[in-house]
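Protein chains: 2
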Amino acid sequence: MNQRLPPPESKRVVRDLRDLAALTSTPEGAQRVAWGPVWRKAREWFAQKVRTDLGLTAQRDPAGNVWTTLPGLSNRSVLIGSHLDSVPNGGWLDGCLGVVAGLEVLRRHAAAGTPPVTLHLVDWADEEGARFGRSLCGSAAATGALAPKRELAHLVDRHGVRLPDALAENGVELGSMLDARAFLKSQDGRAYLELHIEQGPVLESMKRPTGVVLGTVGVERHTLRFEGQASHSGATPIPLRRDAFLAAAEFALACRDIGLRYSGDTPRTRVVATCGVVKVEPGIVTAVPGVCEISLDLRALDAKVLARMLSAARRASEDAAKRNGARVSWSRLLGIEPRLFDRRLLDLCARAVREMSGDAPELPSGPLHDASELAAVMPTVMVFAQSSPGISHCKEEDTKVAHLDKSIRAFLRLAELTVDEVASLPATRRRAFRSGAASVEA
Amino acid sequence: MNQRLPPPESKRVVRDLRDLAALTSTPEGAQRVAWGPVWRKAREWFAQKVRTDLGLTAQRDPAGNVWTTLPGLSNRSVLIGSHLDSVPNGGWLDGCLGVVAGLEVLRRHAAAGTPPVTLHLVDWADEEGARFGRSLCGSAAATGALAPKRELAHLVDRHGVRLPDALAENGVELGSMLDARAFLKSQDGRAYLELHIEQGPVLESMKRPTGVVLGTVGVERHTLRFEGQASHSGATPIPLRRDAFLAAAEFALACRDIGLRYSGDTPRTRVVATCGVVKVEPGIVTAVPGVCEISLDLRALDAKVLARMLSAARRASEDAAKRNGARVSWSRLLGIEPRLFDRRLLDLCARAVREMSGDAPELPSGPLHDASELAAVMPTVMVFAQSSPGISHCKEEDTKVAHLDKSIRAFLRLAELTVDEVASLPATRRRAFRSGAASVEA
Numbered sequence: 001m002n003q004r005l006p007p008p009e010s011k012r013v014v015r016d017l018r019d020l021a022a023l024t025s026t027p028e029g030a031q032r033v034a035w036g037p038v039w040r041k042a043r044e045w046f047a048q049k050v051r052t053d054l055g056l057t058a059q060r061d062p063a064g065n066v067w068t069t070l071p072g073l074s075n076r077s078v079l080i081g082s083h084l085d086s087v088p089n090g091g092w093l094d095g096c097l098g099v100v101a102g103l104e105v106l107r108r109h110a111a112a113g114t115p116p117v118t119l120h121l122v123d124w125a126d127e128e129g130a131r132f133g134r135s136l137c138g139s140a141a142a143t144g145a146l147a148p149k150r151e152l153a154h155l156v157d158r159h160g161v162r163l164p165d166a167l168a169e170n171g172v173e174l175g176s177m178l179d180a181r182a183f184l185k186s187q188d189g190r191a192y193l194e195l196h197i198e199q200g201p202v203l204e205s206m207k208r209p210t211g212v213v214l215g216t217v218g219v220e221r222h223t224l225r226f227e228g229q230a231s232h233s234g235a236t237p238i239p240l241r242r243d244a245f246l247a248a249a250e251f252a253l254a255c256r257d258i259g260l261r262y263s264g265d266t267p268r269t270r271v272v273a274t275c276g277v278v279k280v281e282p283g284i285v286t287a288v289p290g291v292c293e294i295s296l297d298l299r300a301l302d303a304k305v306l307a308r309m310l311s312a313a314r315r316a317s318e319d320a321a322k323r324n325g326a327r328v329s330w331s332r333l334l335g336i337e338p339r340l341f342d343r344r345l346l347d348l349c350a351r352a353v354r355e356m357s358g359d360a361p362e363l364p365s366g367p368l369h370d371a372s373e374l375a376a377v378m379p380t381v382m383v384f385a386q387s388s389p390g391i392s393h394c395k396e397e398d399t400k401v402a403h404l405d406k407s408i409r410a411f412l413r414l415a416e417l418t419v420d421e422v423a424s425l426p427a428t429r430r431r432a433f434r435s436g437a438a439s440v441e442a
Numbered sequence: 001m002n003q004r005l006p007p008p009e010s011k012r013v014v015r016d017l018r019d020l021a022a023l024t025s026t027p028e029g030a031q032r033v034a035w036g037p038v039w040r041k042a043r044e045w046f047a048q049k050v051r052t053d054l055g056l057t058a059q060r061d062p063a064g065n066v067w068t069t070l071p072g073l074s075n076r077s078v079l080i081g082s083h084l085d086s087v088p089n090g091g092w093l094d095g096c097l098g099v100v101a102g103l104e105v106l107r108r109h110a111a112a113g114t115p116p117v118t119l120h121l122v123d124w125a126d127e128e129g130a131r132f133g134r135s136l137c138g139s140a141a142a143t144g145a146l147a148p149k150r151e152l153a154h155l156v157d158r159h160g161v162r163l164p165d166a167l168a169e170n171g172v173e174l175g176s177m178l179d180a181r182a183f184l185k186s187q188d189g190r191a192y193l194e195l196h197i198e199q200g201p202v203l204e205s206m207k208r209p210t211g212v213v214l215g216t217v218g219v220e221r222h223t224l225r226f227e228g229q230a231s232h233s234g235a236t237p238i239p240l241r242r243d244a245f246l247a248a249a250e251f252a253l254a255c256r257d258i259g260l261r262y263s264g265d266t267p268r269t270r271v272v273a274t275c276g277v278v279k280v281e282p283g284i285v286t287a288v289p290g291v292c293e294i295s296l297d298l299r300a301l302d303a304k305v306l307a308r309m310l311s312a313a314r315r316a317s318e319d320a321a322k323r324n325g326a327r328v329s330w331s332r333l334l335g336i337e338p339r340l341f342d343r344r345l346l347d348l349c350a351r352a353v354r355e356m357s358g359d360a361p362e363l364p365s366g367p368l369h370d371a372s373e374l375a376a377v378m379p380t381v382m383v384f385a386q387s388s389p390g391i392s393h394c395k396e397e398d399t400k401v402a403h404l405d406k407s408i409r410a411f412l413r414l415a416e417l418t419v420d421e422v423a424s425l426p427a428t429r430r431r432a433f434r435s436g437a438a439s440v441e442a
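Chains as they are written, first to last, in this note's numbering: chain A, 1 to 442; chain B, 1 to 442.
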C-alpha cells in the first residue's frame, strides 16, 4: 500500500543546511574534516535533528558510518546517503546536501504514516579523504572495497597523527572496520539514492538546475617521465637539443586533442584528459630541461573508450619523445572502472527530475562519490544540483536557491517513486534492479 | 722590435692542467669554488708556478683578481685572462684552461727576451658566482660594471655565510672592491685575449677543434605567469576549461619556432629560445592547472634580432593565453646587451686559428665570460676549444687532447700576433682597436 505524500518541499532542507554551515564553517569555508572535532559537532547536530524531528536514534556501523532507520511495513529497504564531512575550507553543500535532503525524505515519509518499505539514511564516514588521503573510506568499508590494513594502517596526517589513532578517537577500530559489510548486507537494501552538488560546470553550461547522473566515470591515472639531456640554454643550438619539457608540452597538447577527439556531443559521451602535475629538472632559467615528469588523468564513462584513449595517449607520448630525442616511461597511479548506474532507477530519476524542472538532462559524474561504491552492490542512482560557479572544494562553491529547490524536490520525488517501486517488487526477486546497468551507447 | 718566437707548443699547458686537476678535484669533478679553500689552494699552486717558471710575483687587485705582469719595452699592455674558480663538481677545463695557457704565453715571451709591450695575465676572481649567485664578480668590479653594495652586500651562501665575510676571509673588502677599476686603468691595456672551452656542442657538430668567438650574445630573460582557472579534472569538460599549463605549453612550443625562425644558417646568426623553469598550481593530479609560471631565455648576437624575438614571444604569449581563456603577465629577470668582439682582433684570431687548424670557424658564445666585461673597456677577442661532449659544469666536461693542442697553439699564436700589433700602434692612438665592433650582418 503506497503512502499518500504531499508535494515535496525544499524549505526545511535549505534552512537546515544554513544552520549546519553557520555551526561548522569559518569565513574560509566549511571545516567538517572527517575524524576531527568540527565533523563530530556536525554529526551531533544531525543526531539531535534526528531525535527531535523523527524521534529516532541514529546507529553507527563498525566503519563509523551513521545509520538512521525509519522502519517500514517490509524489511526491504531503500538507502539514501551522502557525507557530512568536508575538505578544509570547503563548500557549504558538498556532501551535506545529500544527508540533509535524506533527512527530509525520512521526515516526509514518517509524516505520512508507516512507509511500505524501510528507509535508511546513511552518513558515510570520511568520503573526502582530506586528512589522510583515502577517499570513500566508510562506503568502501561497507561494500568491502576497502582493505584497511593495507590501505589505511600506515597513513599519517600532516601533523603526524596516525589514521588508526584518529579512528580510535572516534570509536572505530581498524581491525573491525570491514564488519560494516555484514551490517550493510543485513539491511536488505534494494536501491541506493544520493543527491549531490555537481562540482563542475556542465549543468550550468546547459542552463539546467538539476540533472540525472548516469554513473561515475572510469579513471586512468599515470605519471610519465620524459628524459632528454639537460644542457646550457645559451650554448646549445635548438636543433641539437633533447628538451624533455618540450616533449611533455607536445604530449599535453596531444592529450587535449585526444580528449576532444574521443568526446561525443553529449555529456554522456564526453571524455576528459588532464595534465595537472608538471615538474622539470634541473628547473633553472639557463638550462634546457633534461627531465620532465607530467601526470595524466583520463576519464570516460565507457570502459572501451577509456582504453582507446589510453592507447592513443601512449602513442602520443612515444611520438613526442621521439621528435625531441627523449625517452618516455609510464607508471600507473590509479585505475578505476566506470560505474554505470541502474537502468530502472535512471528511468525513475529522469521522471522525477523532469517533473520538477521540465527536463531531464543526463550527465556522468567526473568525481567519485559514495554512490560509486554502492553501485557495485545494489541498484544505484544520483541526482545532481547545478554548481554555480562550476567549482567545488572551496568556499565559493554554491547552488542558487531556485536550483537547489528544484534539485531537492526532484530528489524527494525520486525517493517516493523508488519506495513505491521497491514495495512493488515480487517477493522472490531479491535483486530485481540488478537486471543491467545503463548502456553508454547513446 | 718584434720578438722571434719558436713554434707554439701545448705540452706544458696540458701537463699543468692535469696537475691542477689532480690537486683540486674529487671523483665528482673540480671543486675550486671561489672564496673557498680548494680555490685558494689552486691559486697558491699557480703563484708557485709563476715564481718557479717566470721568477715573478703575482699581485692582487682590490677585487681579489690576481695579476702576473711580464714587463715589456713599453707600458702598453696586452691582457690575457680567465678564471681558476669552478662550479662545485665542475669540469677540468672551464676557466683554468685560459689561465694556464696564459702562463704559457708569458713563459714563451719571457724565454725570447723582453717583449715589445707588457703582458698581464689575470686570474679573475669568482667568475662562476657558484656560491653566492653573482657571476663575473672580479672582472665586473675591474671594469666598473659591478655595484658591490647593491649587488653583493646582502648575498648569503646556503650555509648562511655572508658574502662580505667570505670576501674578508680572502683579504677583499666590499667597500674598496671598485678600486680594482683604477688598477685596471693604470695598466694601459690595449687588448684582452681569453681562451675558454666552448661549453656547448657547436664546434663538435662542425667537427672543428677550435674556433673564433664573435662576441657574447645578448640575453632577454623573463618570467611569465599564465592565469586561467583551476577546476576539477573530472568535472570540467575540455571546452569549458581555462588551462594555464596548456597555454604555457603552446607558448613554449611557439618560442622554439621563434628560435628556429629567427636563426640564420651560421653559428653567427643562430639564436636560441629556452623555457627552463615551469611551475604549475595547484599542481595536483586531479586539478586543471589554474596558474603556470614559465621562464623564457632568449639569446642572439644581434640586438635588433633579439628585440624582434622578444616582440614575437610577447605576441605568442598573448595568443596562447587568449586561446586558453587565460591572462598572461611578464616580469623581466635580466637583460644583457650583446657584446661584439673587436673587428681587428677577430681578424688576428681568425689568422691564428686558421694557421693551427686549417680553418677559422666563427661562433658566438652563448654563456657569458670575463671577456664580456672586458669588451666594454678595451678591444677583446676569445678563442674556443671544442667541447666533447658538448656539456659543461659537470665532471664529464672534456676536450680531446688533439683539439686542446690546436686550441692552445692557436691562442699562443694569437697572443704573439696581438703583441706585435699593439707594439706597432702609433704612439698617439691610445685606443686604436676601439674603431668598431664586429658586425653581425654576415
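Think of the hints as simulated: they come from the structure by calculation, not from any bench. We treat Cβ as the ideally placed atom computed from N, Cα and C, and that holds for glycine. Any given hint might turn out to be false.
The calculated label-pair distances, taken between Cβ atoms and stated as ranges, are [said to hold, decoys possible]: (1) A:Pro282 / B:Gly144: 47 to 55 Å; (2) A:Lys11 / B:Leu333: 33 to 41 Å; (3) A:Arg162 / B:Ser311: 41 to 49 Å; (4) A:Lys207 / B:Leu334: 44 to 52 Å; (5) B:Ser311 / A:Ala376: 56 to 64 Å; (6) B:Leu334 / A:Arg158: 34 to 42 Å; (7) B:Pro282 / A:Arg323: 23 to 31 Å; (8) A:Asp257 / B:Lys304: 36 to 44 Å; (9) A:Pro239 / B:Ser311: 39 to 47 Å.
Range hint compliance [Cβ, Leu334 of chain B to Arg158 of chain A, 34 to 42 Å]: Holds - the Cβ-Cβ distance for Leu334 of chain B and Arg158 of chain A, about 37 Å, lies within 34 to 42 Å.
I want to verify a distance hint. Is the separation of the beta carbons of Ser311 of chain B and Ala376 of chain A within 56 to 64 Å? holds, 58 Å
Look at the Cβ atoms of Arg162 of chain A and Ser311 of chain B and judge whether their distance stays inside 41 to 49 Å. violated, 57 Å
Is 47 to 55 Å right for how far apart the beta carbons of Pro282 of chain A and Gly144 of chain B are? violated, 33 Å
Confirm or reject the claim that Lys207 of chain A and Leu334 of chain B have a C-beta distance inside 44 to 52 Å. holds, 50 Å
Starting from the range 36 to 44 Å, see whether the pair Asp257 of chain A and Lys304 of chain B falls in it by beta-carbon distance. holds, 37 Å
Range hint 33 to 41 Å: satisfied by the CB atoms of Lys11 of chain A and Leu333 of chain B? violated, 58 Å
Note whether the CB distance of Pro282 of chain B and Arg323 of chain A lies within 23 to 31 Å or breaks it. At roughly 30 Å between Cβ atoms, Arg323 of chain A and Pro282 of chain B fall inside 23 to 31 Å, so the hint holds.
Hint says 39 to 47 Å; check whether the CB-CB distance for Pro239 of chain A and Ser311 of chain B agrees. violated, 23 Å
The earlier numbered hints that this structure contradicts are 1, 2, 3, 9.
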